[in-house]
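One point on numbering: in numbering that gives the first Met the number 0, the residue at position 201 of the sequence shown is 200, and numbering is uninterrupted.
Simulated from the structure, these hints should not be mistaken for lab results.
Virtual Cβ for every residue (Gly too), placed ideally from N, Cα, C.
All clues stand as given, with none of them false.
Pair by pair, the computed Cβ-Cβ distance ranges are: (1) Thr192 <-> Ala47: 45 to 53 Å; (2) Met0 <-> Asp42: 51 to 59 Å; (3) Gly174 <-> Gly232: 50 to 58 Å; (4) Arg3 <-> Asp143: 37 to 45 Å; (5) Val21 <-> Thr100: 29 to 37 Å.
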Amino acid sequence: MEKRLVLRGVIAGAVAGLLAFVFARIFAEPQIRTAIDYESGRDAAQGALDKAAGLPMDMGGPDIFSRTVQANIGIGVGMILFGAAMGALFAVAYAICLGRTGRLRPRPLAMLVALGGFLGIYFVPFIKYPANPPSIGHPDTIRDRGNLYLAMVACSVLFLVLAVVLGKRLQARFGNWNATLLAAGAYVVVIGTIMAVLPSLGELADNVQEFGHHATETPLPLTDPQGAIVYPGFPADTLFDFRFLSVAAQLLLWATLGLVFGPMAERLLDPEARKAAAGAGAGAGAGDGAGTAPVVAA
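Let the hints inform the model, and build the full structure from the sequences given.
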């Protein structure tokens, strides 16, 4: 049974990843293109300033993959594989929750697990360390940003699981609703404390010295030696739109995962649902009056 659930989770996750890719390709890709164009233009302006000052110019290296390959095959394969991996983890969490959530039917349980996955794996870490388009984030902070983000994900998932366990422990004494509120409150307090302790992206950038002053996480306007602006700062609208669409794509992925996995799990776990589906299939396959009775019974 567990293997069947995991297989269905992988299938549902791949479908969810495909839909999320289509959404990101249509809506988020233009924001990525805008960020890349900004980065290219800023590098060219910085190169011109360095050349005028007699400084060596950083020529950079060639792109291993073209932007077309990255925007289509790269992100498509990546999101489908990510969705399949999340679907497998989702199915494992679903199997653990089976029989421990009272009288919840398979479909509502699937949506609750999907909601927990979206909050614990993505949205809560996103609040502390949001997704960034190209040219956002100083190169010297990449390793620290990656490690801190993974630590935030681990803490979020761990304390979300502990909050669920706490809610189950408190249910007999305070009732289902009050126990849920208490567990959720405990989760918010603990996660809020962790967020306050971990350094922010801006604090990481402040630790980097660049040209005699502190670096910034978001590029500021580029100026010449006289202080005149030769290239603008990163557009705030592009940053907001990218982060908003990132959340929307992940929400679509997890919602689709729950909606697709729920019916498959119900047919697998509920004998009556399996019989109904089999009866409906037999009735549809008959194609005459003999198939009417099974369909009506189903």
